[in-house]
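Work the whole structure out from these sequences, hints included.
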Amino acid sequence: MTTTRRTAVKFIAGSAVGVLFTPAPWRLVRDTALWSENWPGIPRPKRGPISAKTTFCTLCPAGCAVRARCVGEQPVAMAGVNGGLCPLGVTGHHLPYYPGRVKQGPVEEARAAVAKADPSKKVAVLDLRPGRTASAIYRKAMEERGGVYLAPPQPGASVNLAAAKSVVSVGAPLLEGWLPPAEVFAVRDRFRLVQIEAELSRTAALADEWLPQADVAAVARRLEGPVLVIDRTMSAATIEMNKALGGWGKTVQAGPATGAASLASVADGSIGLLYIDETNPGQYIPWPEIEPKLAADAVTIVFAWSREGYGRHAKFVLPTAVFPEALDDLPNGRVTTPLMKAPVGVVDPVEFIAKASLADALQEVKPKDEAGWLTPYTGAFDATAAALSTKLYQESKLLLGPGQVAVGPAAGLAENDAAFLSTSRGKLPVRVVVDAGLPAGKARFLATPEVLDLCGSEEPRVVRA
Amino acid sequence: MAHTIFMPAFFTVLTVVSLTVLLALWRSARTMPKAEEIRWHADFHDLPAADRVCRHVITGEFRSRECPNAFDCGRCETHARMPKPASDGDGEIYGMEFPLDRFYHRGHTWARREADGTVTVGLDELGKRLIGAPDAVDLPAPGVRVHANGTAFRVKRREADVRVLSPVDGEVVATGGPRDEWYLRVRPVNDNFTHLLRDAEVRPWVMREIERLQLALTAEGAPASLADGGVPVADIAASYPKTDWDAVCGEMFLQP
Amino acid sequence: MRLRGAQGGARMKRYGMTIDIDRCNGCGACMVACAVENNIPPEIEADERKGITPIRVYQIDNGEEQPNRRTAFIPMLCQQCGEDTPCVHVCPQQAVDIDPETGIVGQMAERCLGCRYCMAACPYHARYFNWWDPKWPAGMEASLNPNVAPRQRGVVEKCNFCHGRRHAAMEKAAAGRKDIDPADYVPACAEACPSGAIRFSDLNAQAAPADSFRLLEKLGTEPKIYYRSKKDWVKRNG
Amino acid sequence: MDKFLIARGLKRCSTARFAAWILPWIALLGFGLVAAGLCLIKGLNQTNMDNRFAFGLWIFLDLTVIALGAGAFFTGFLLYILKLHELRAVINSAVIIGFTAYSGAVAVLAIDVGQPLRAWFTFWYPNVHSMLTEVTFCITCYLTVLAIEYVPIVLKNRKLKEVPSLLVFEFQLHKVMYVLAGVGTFLSFFHQGSLGGLYGVLRGRPFAFREGLFIWPSTFFLFILSAAAVGPSFVLLTTWLVEKISKKRLVRTEVLQLLGRISGLLLAVYVLAKTLDTLIWINRTSPSAGFPAAQFYGWKPFGVWILFAEIVLFGLLPAIALLTPKLRARRGLLVAAAALACCGVTLNRFVQTVQTLALPTLPFDKFLSYTPSWQEVGTFLAVVAYGVLVYSFSFRYLNLFPEERELKLEPAAPQEEEEMAYAGR
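Residue numbers (this note's numbering), protein chains in the order written: chain S, 1 to 465; chain X, 466 to 721; chain L, 722 to 959; chain D, 960 to 1384.
None of these hints come from the bench; they were simulated from the model. Given the structure is predicted, the values throughout are model-derived calculations rather than measurements. Even glycine gets a Cβ: it sits at the ideal position worked out from N, Cα and C. Incorrect hints may have been included.
[As the list claims (entries may be wrong)] Not the full set, but computed from the structure, chain L residues with beta-carbon under 10 Å of chain S: (1) C751; (2) V757; (3) E769; (4) Q787; (5) A863; (6) S864; (7) N868; (8) A870; (9) P915.
Here is the structure:
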């Protein structure tokens, strides 16, 4: 027969109907739906024997005890052993995957540079987390080589909240990570908190009493004793006041000594070789304060797992292990147990700087916990290093994120306005978040190294872009 | 509560819909042989009301009546009760020849009984003048069965492409064409001509057809030249080059 | 869809939470812990209205100016409505269900069509849509929680009191005693909360404190998340 | 050139002009399809909808379009069930409007859901408590019915009609059409209602929540009424528009007026019901849920004016105009009233979908705003273009208005003359 259009049409129509009576179309429909259930690109979590390992979180000097749920060798969740953790601690096991992580570095070049460093100039170590065993090793090494051991200024005192009936906080963020939150809230109900602060901070919001400004001594006197007075850095004045209130030894005592020289004491242009141990987040000393101390041809070697700190200024950035890969200890003598293998190519700063083995030194370390005594943490506490912290500053407005600045309504800026954070040193572009709790002229921002470099000791101004 | 009604209702609906469609399919499969008849019924249904009037309205016996049987007067009791038309009168209308020795279909064909028992089928005068000299004629092959009111043959003229309706049921034995005055010779399956116009009915019908033609022409935007009662020219198509001839012919040959 | 928790049998649970607003310092540990536990990706392109935060801490204030202004943080998660649960009866294909054993409102991601009708229905805005394909920073997939399957793009998800943890606890319980040990089953947010503001419990075993209130209680959907505060202006949100 | 496809005796513009007319629409359709494709391939992150504005432009479009398309079922109901034979003049047009409206809506729904591949889950695991299930079931059924009702109109095409089998099928299908019309009516009543129920059942949205009659909230019945009311109006409007664009008379003025009268009658009933419902809601439903209704109208731009516009401006006024023979007789007023009625239902659907989601529920909620992304708008326009194209082709190649041929003979009625003149000016 000849194929006419009619037969063609008949054939197509016929097959269209016929196909409905085969399982093909129905199978197709079902399978596509099933396929949509495990779409390509959706990761399948690895299964395996579940175990719990405990270690100490080194992301801040408090060193909370954490329990890690592990699948095989891989930690998949972090939880506090006594009480909860901070957001950064909860995602500690994600830090190794931090997109900005440094995995490789010019190790050999760095060694060569060290060898070639001008011997007439001083060698120095800047240790962002003093009080560790590693810190002691650095200090010793520097003494031997006539170098300088530097560390950020530490809080002047440790406090014992449990021993206080009343706490007068002069702008200290007591309830926001000044001390390990779990331990603070464990005793929170035992003391009355009076927050003296112009800004309606989170601590102020949760305080039993919030005074924008007040005469500290007067307030302290009218409260039920023992009274503990605190400020952000536990300044000498505050310590004096506590002594006057008779709290010395009871609610306040001297903080741990770091034995570090202050940066001010170092002569300008005297450092020829500077090591910076940035392995553990600590208080960031603005680079403009460090730079003048360096000789013209000074070599700076930074040990860090992210390039966003001093790495921006140093020629040599050597990768290091990060929590929970690192074997390390904390000022309070707690020693970590690494939960994961560090990537090949990471450098052990102790070995590199002092040619010593931290592991051996850690053998003799004893925990020196004194019940109730806590040392405030004054460093810039940056939760945004964790990938999931976008939940806090991007997918919600809970925290300030990088490049965001909070101003009061008085500033006359609107939400999401483009603005600049400006000081005599220059300016940084930022996005505005309006916080009705901020008084006029006061701005709140995330103290990232970049911002701190800009500010130094100045209070930055927020100017409309 | 909702769910107890809901699902049954849904499935009932589904069944009803599918059954309805299946029914339609089944019925069409069964009535496929009657396609020609159905086509006529469908067309008839789509004809303007004016074209569906009963033959007895044309003769003036009724004031108004719409044909309920698609011009199949054989089935019509009313028609059966009416008196036969007088056999007198002459077949010359406005100079057009409508010989009364034959039957006329309202689609402008005629049927004439022949001595040999066959029936000759041709275009009547008005039909001829509408088509003039056709550009093409599409005749059925001898042996093909034609149905009353079904397609007898196709003629094309200008944009006009019309199926000329057959006046009789029967089998084609021979075909003529525009050159002969007949188109088909058919061996009829029955001797039933009741549905066709005859004798005295022819004149009023033709007069009416000329009116319709005028209307059709005006509708298609032609100057109302026939309105003066003048004789339709031999080749009307040629004299109205602007008008939609397909529409005019459709109107006159009863094809919506 | 009625849930007869209290009248239920001995093993019948009615899980709920008591959240002490006066203790919440808005650190966000709960939100992050939730994301870790439930394999919720960081939605890089998302803003605060397109992100996925099954528990979300909002800052509320008393609407006054300084110095009378006061603020507080209020963690919002699926309020696990117990009566005519708004989201359950709107879902066209039974992807949302309420477990009579536990009173937990569950969401079947693999059944969900992504019509988002449930989101329109939820008065607490506690339901979240996967606007993007789930993506993690390179290598981070290795650290995903094996007890929870990541959701694909185009489906709705919500807090289910960490069903992964519940199943783990039940497996453990099945090995030993019948009933699961409350210590074994604590949702990630409650576990992570450093200030102990979030307390998770079986409301049948231990009813919520008398002085607590619930959000939009007037809607009559019997939510199982109770809030507490000594501050009157906070209570007014009840 | 395509003359052989155009019904005998109908005047249609030249192929070139027709091409010139459809080309822009095809372009628009193409653009829309790209936008829709983006949403399908890249996901709904292409839209500006979000977790709080879970429904946006598309749902509004669906509800509106389906309400306007209701002319199909209601005209069918009046013609086949109530035997209003005058409406034969517009039934084809109405069916096509309905078909395009529904198919467009279904297409957009398919894009609107996050996992279109699972659309059939609704049929497999139906939750009979859900209004959306009802909607899905009814709309799919009714779309099928509409498609079947469309078939004979297509088969009537001059060329197709030549094929005996198609002719016979058309003939037989036409005979059973009243069954389908009946079913269609039943389905439409149902899902127009369930579309209303969609928001009426949301007790979590006190602005939309309504108390129930039987198992349905009052909005269920309000939607049926409003849809039935504007359906004929929209048919009227489109017919008028087609007459203007094609510069032809297509139906008798009486038919348009009849449509107007029906529309007006139902609109009047609707306005009454809507007013009652609003009063009940303001005085009982909303306060009893602890939400004084006034608070919903405190958010700019959604003031009380919306209620006024909905009930008086777009309800009462057109109803009066359509019910008063004198006013109805003026073509201009008739069309204007029909247009107002259509605006009314559009506004109502907007309030139901968008305003409901914009208003805060929790004490610390903020009032939300939402602007659709170009992908959403594009998809929206695609549906419009699709509708215009289907209708244009149908109008050209199918005999939509049976009276068109006969009307060529009749002289235009006086007020239409004046109307034309007016339009000419």
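Against the structure, the hints:
1. C751: 8 Å, holds
2. V757: Cβ of L/V757 sits 6 Å from chain S, so the hint holds.
3. E769: Status holds, d = 5 Å.
4. Q787: 7 Å, holds
5. A863: 6 Å, holds
6. S864: 6 Å, holds
7. N868: Where the cut-off is 10 Å and the nearest Cβ of chain S is about 8 Å from L/N868, the hint holds.
8. A870: At about 7 Å, which falls below the 10 Å cut-off, the nearest Cβ of chain S leaves the hint on L/A870 intact, so it holds.
9. P915: 4 Å, holds
Hint compliance for this structure: no hint is broken.
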